[in-house]
Amino acid sequence: MRYRRPGLDIASHALLILALLAFCLPVWLAFTAATHDQASLYTGTAPLWFGDQGLDNFRAVLSEPVSRLGTDVTRLLLNSTVMALGIACGKIFIAILAAYAIVFFRFPLRRLCFWLIFITLMLPVEVRIMPTYKIAADLNLLNSYAGLILPLIASATATFLFRQFYLTVPPELLEAARVDGAGPWRFLKDILLPLSTTNIAALFVIMFLYGWNQYLWPLLITTESDYMTIMVSLKRLLSSADNLVPWQAVMATALLAMLPPVAVIVLMQRYFVKGLVDAEK
Amino acid sequence: MATLTLDALRKTYPNGFTALHGIDLAIDDGELIVVVGPSGCGKSTLLRMLAGLESISDGELAIDGQRVNDLEPAERDIAMVFQNYALYPHMSVADNMGYALKNRGVPKDERRRKVEETARLIGLEELLDRRPRQLSGGQRQRVAMGRAIVREPKVFLFDEPLSNLDAKLRVQMRIEIRRLQKRLGVTAVYVTHDQVEAMTLADRLVVMNGGHIEQVGTPMHLYERPASRFVAGFIGSPAMNFLDARCTGDTLTLPCGTRIAAPSSHDANDHAVCLGIRPEHLSRVAEADDTTLTTRVELVEPLGADTLAHVRLDGQDDPLVARLDGVQPVAEGDRLYLRPDASRLHLFDLENGRRLDDKDAHSCPSSPSSRLA
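Going line by line, the protein sequences match chains A and B.
Numbered continuously in the numbering used here, the first sequence closes out at residue 281.
Numbered continuously in the numbering used here, the second sequence closes out at residue 373.
Chain B extracted, bound-state conformation (with noise of 0.2 Å):
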C-alpha cells in the first residue's frame, strides 16, 4: 500500500556513461506499473535504482512521501522478483520464504504461520521442506512470488519474472500475477521486454527508450493513440507497419498513388510524413480502386483465429503485414487488395517521429488522477 514518486531520476555510471536521463513518474496506490522498452533502454536499471541496488545518481525517489534515495534495500520495504528466480539453493521452500522475516527479527511460530498463509495462496502447501532444486521451473516462479509476497512489502517489483518461463507457463503466471496483485492491492512495478505481457499485466504502461520515457499511458491509449513512431512499432504485434506519404489539404498520397483521407486535426499540411498503419486495420477487398493497397503475397501464417499475410506493396518494395481474419484463401505469389481503415490511421513527423494528428498524445497523462479526469 504506497505510492511512488520519482522525480527526475537520472543515472549517471562512473565511466561517464549516462543510462536513465531524467525519469518523472507518479505511481498511484495499488497500481500495476509496467515498463517495457528494447534492452538496453534503461529499464532495468530503472528498476534497481527503486530496489536500492542501484545507486541514484540524481533526482529524488520517494515511497508514500518520503525520500529513500539513500536507504538501503531492506529498509525500503520493497519486495523483488528476479528473472532466474535468485532462491537459496540450500534453504528448503519454507526457509526461502521465511529468510526475510527472520532477518527482521518475526519470532519463529509467526514466520511459519506466515510462510504457511502465504504458500497456501499460491498453492506451495506441498512444497514447503523442498529444495528449489527439486521444483519445476514454474514452482521455482512461484516461491520466488511468496517470498516477495510473505514480508507484506509496500512496493513490488519484478525484473522479467517470466521470461525463463515456457509459453504456455507464461500465460497462466501472467494471469496469476495479475490476480494476486489485484487482490493483495500492492503497488507493483513490472519490467518486461515482452509487450503482450506488457499489455494484459498494465494499469498503466511506461514505454522506455535511450534512457527516457517515451510515453506513459493505459495499455489501450497506448495502443489507440502512441505518441510517437517508437511506441507505435512497439506495441502491438505483428508490428505497426510504416509507409512514407504526403500530406495535402485532408488527403495523403502514398508514391504508389493511393490516396486516403487524412486524419482530422493534424498540422502537416503539404508535408512528407510518415504513416502508421496496425496489420489489423488492413482489410482485403475483391477489387482495387484508389483507397486500396495492391500487394504481392510473400508469405502467409495462418494463426488459426486470423492469418497474417506478409506482403510487399506494388512497385515499392516496402514490406507490410496485414492481419486478415479467420483462414483466408492466400498463397504465396497472390496478389492481395489491402483498404487500410481510414480512422484508424496515424501519422508522425518523419524527422523526430512525434505524432502529429494528435496534439493530447505529447501531454501524455504521468498521473493517474489525469488518467481518470
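Excised from the complex, chain A in its bound form (with noise of 0.2 Å):
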C-alpha cells in the first residue's frame, strides 16, 4: 500500500533533499578545498567553491613525498588496497573451510568449536591487542603487510554467516553429489561455492570496508613509512603540533582514500544487495 498525499509527498521529498545535502556538503566541502592552495585556506572562511589550484595538490600527494609521511598517497593506496584485499580474501577463504567443517563433518568437539568461534564475535580487536601486538613482534610480523594482515583474518561473522547458509542447503545436494562420486572438496567447489557467490560478494564489501577502515592495529604495527596505511597517514597528517596542517593535502588524500571503497561498493553493489536481500538459492 502506498499512500498517495501531495503534502506528504513533498515533506519527504524535502526530507530527503535535506539529508543528501547533509550527505553531501562535506564531501563537497573537502573538494572545494583541495583545490586551494595552503594560504587561501587559512583566510577564516571554508571555500565553498574551486580555488586556482585544479587538480595540482592531487597529483602533487600521488606523485610526491608529502611531508611528515616520507612516501606519496600512492604508496599509501597501495598499501590499504593491500591490507584490505588480503583480510577480505582471508576472511572468506577461511570462514568458508571453518564453517564447512562445522556444518558437513561429524568430528569430536564439533559444538564446542563452533560456541568457541561464536564467543570470539563478542571481543573486539582492542581487547586483545596487546598479546597479538607480543606475538606479532615475536615472529617479526613488524613493518610487514602479513603483519598487517593475518591477525585480523580469521572472522566469527564470516563464519557464522557461512554456516548459516549452508544450514540452509538441503541435505539432499549433499547426498546426490556422495552418489554421483564427489568428495568433500569437489562439492564445496562444484556445488557449494557456486551456490554461495552472492553471499561471498557480500561479505567481501563489508569486509574490504573493515580492513580498509583500520586504524589501529596498522597504527601499532607499522612503524615505516613504506608500510604505512591511508587510514593512520590522514590522523599522521593532522597532527602538527608545530606546523599550520596543510588542508589542501589532508582533503586531497582523504577524498583518494574515499575512491576504493567506493569503487569495490559500486562494482559489487548489484551481488552485495542480492546476497543481503535475496532468498532463493
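It is worth saying that the hints were derived from the structure and are not from the lab.
Everything numeric in this text was worked out from a predicted model, so none of it was measured.
Label-pair ranges, simulated between beta-carbon atoms: (1) B:LEU299 to A:TRP185: 56 to 66 Å; (2) A:PRO124 to B:GLY123: 55 to 65 Å; (3) B:GLY137 to A:ILE129: 51 to 61 Å.
Virtual Cβ for every residue (Gly too), placed ideally from N, Cα, C.
Relying on the hints, combine the two individually framed chains into one complex.
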C-alpha cells in the first residue's frame, strides 16, 4: 500500500533532499578545499567554490612524498588496498572452510568448536591487542604486509554467516553429490561455492570496508612509512604540533582514500544487495 | 545389470534406536522391487543403506555377490533418484546429468554424447541448457531420472520419486519409470508409501512394518494371500474390512448371526478369529438371508466405474466399505444387504495377526527362483 497525498510527497522529498545535502556538503567542501592553496585556506572561511590549483594538489600528493609522511599517497593507497584485499579474501577463505567443517563433517567437539568461534564474535580487536602485538612482534611481523593482514584474518561473523547459509542447503544435495562421486573437496568446489557467490560478494564488500578502515592495528604494527596505511597517515597529517596543517593536502588525501571503497561498493553492489535480500538459492 | 543380496541387515542408531531388525532379501537381475510401508517403518533407511548414505550396523549387503558394506556411495555403482529431485540448482540440465561422469573422468566429448543420448531417451533434448528452476516439477523429475540413467549404474534406487508431483503427472511418470526400467533392464529398488504405485510398478513387493519385512511377493500374491492382517490392510484400496468372527468346523459365525462357509485348510477350529473381506468382494443382494450382512449406508462415494458405500453393520458399530459395480441407487440411511464372496475370505489370528487359512503364506517366496517354481 502506498499513500498518495501531495503534502506527504513534498514533505518526504524535502526530508530526502535535506539528508542528501547533509551527506554531500562535507564531501563538496573537501573537494573545493583540495583545489585551493594553503594560504587561501587560512583566511578564516571555508571556501565553497573551487580555488586556482585545479587538480595540482591531487597530483602532488600522489607523486611526491608528502611532508611528515615520508612517502607519497600512491604508496599509501597501495598499502591500504593490499591490506583490505588480504583481510577480505583471507576472512572469506577461512570462514568458508571453517563453516564447511562445522556444518558438513561430524567430528568430536564439533559443537564446542562452533561455540568457541561464536564467542570470539564478542571480543573486539582492542581487547586482545596487547597479546596479539606481542605475538606479531615475536614472529617478526612488524612492518610487513603479513603483520597487517594475518592478525585480522579470522572472522567469527563471516564463519557464522556461512554456517547459516550452509544449513539451508538441502542435505539431499550433498547426498546426490556423494552418489555422483563427488568427494568433500569437489562438493565444496562444484556445488557449495557456486551456490554461495552472492554471500561471498556481500561479505567481500563488508570485509573490504572493515579492512580499509582499520586504524589501531596498522598504527601499532607499522613504524616505517613504506607499510603505513592511508587511514593512519591521514591522522598523522592532521596532528602537527608546531606547523600549520596542510589542509589542501589533507582534503586531497581524504578524497583519494574514499575512492577504493566507493569503487568496490559500486562494482559489487548488485551482488551485495542480492546477497542481503535474495533468499532464492 | 546386477543382483542384490541383503543378509540380516540391521540398523541401530547411536541413541540405541533400532530402525531395522534384520532384513533378508535377494533381488534378481533386472527386477523392480518396491518397498512399501507406513512412515517410520524403516523403508527409507533401508534404501539409504543400499545407497551407502547410511552405515550398516550389522549384516551383509552384496551387489553381484560382492560385499559392499564399507564402500562409498560412488563406489557401489548405484544411482539414486531423490524425492525432492536434489538437482544442482546452479548447473544446467546437461551439467546436472553429466556431473557423475565428469567426476569419473569421462572425456568431455563422450560425456556430451551420453547426455544427449539419454536426453533423447527421456525427451529432454530441448531442455539441456535450462536451469532446474526454469523447469516444471515433472521435467525436474525427468532430469533426476536422466541423471541416474546416464551413468548406466548397476542398481537404480528410487526414494519416493513421485510424491511431489500432482496426481495426473504421477500416473504418467509411473508408467514411464516402468517402461524405462524394463527397457534398460536395470535392477531397481523403489521406495514408496503409495500402495497403488507399489502394486502397479513392482515385480515383487516388499511390505515393511516396524523395521521388519512383513511379506515379500508379487503384487497379486500379496493381494490374494496377504500373510498378515497388516499386509491385508495395507495392500488394496479401499482397505480390507475386518470383522470379528467365530470359527466352528467349516462355518464362520459373525456376532450379528450371519454364517459363512469358512475357507478350507485353516487351523482355527472353535476359535475367535479376525475375518478379512475386501470391499470389492462384497456384493449387493436384494434380499437378506443368513449368509448376508445387513447394513445401513452412511456415505456414498460414486467413482463412475464403481461406487464405494461406507456402511455400518446393523446392531454392531463396525464400519465397512463395499465397492459396488457401476452407479448404484443407494443413498445415506438406506438399508443395504451385502453378501461376502465366500471363496475370497481371509482369516487372521486375533492375537498376532498371522494368516490362518493358508500355511504357504508364512513361508513367503523370498527369492525369484522360488517364485517361479
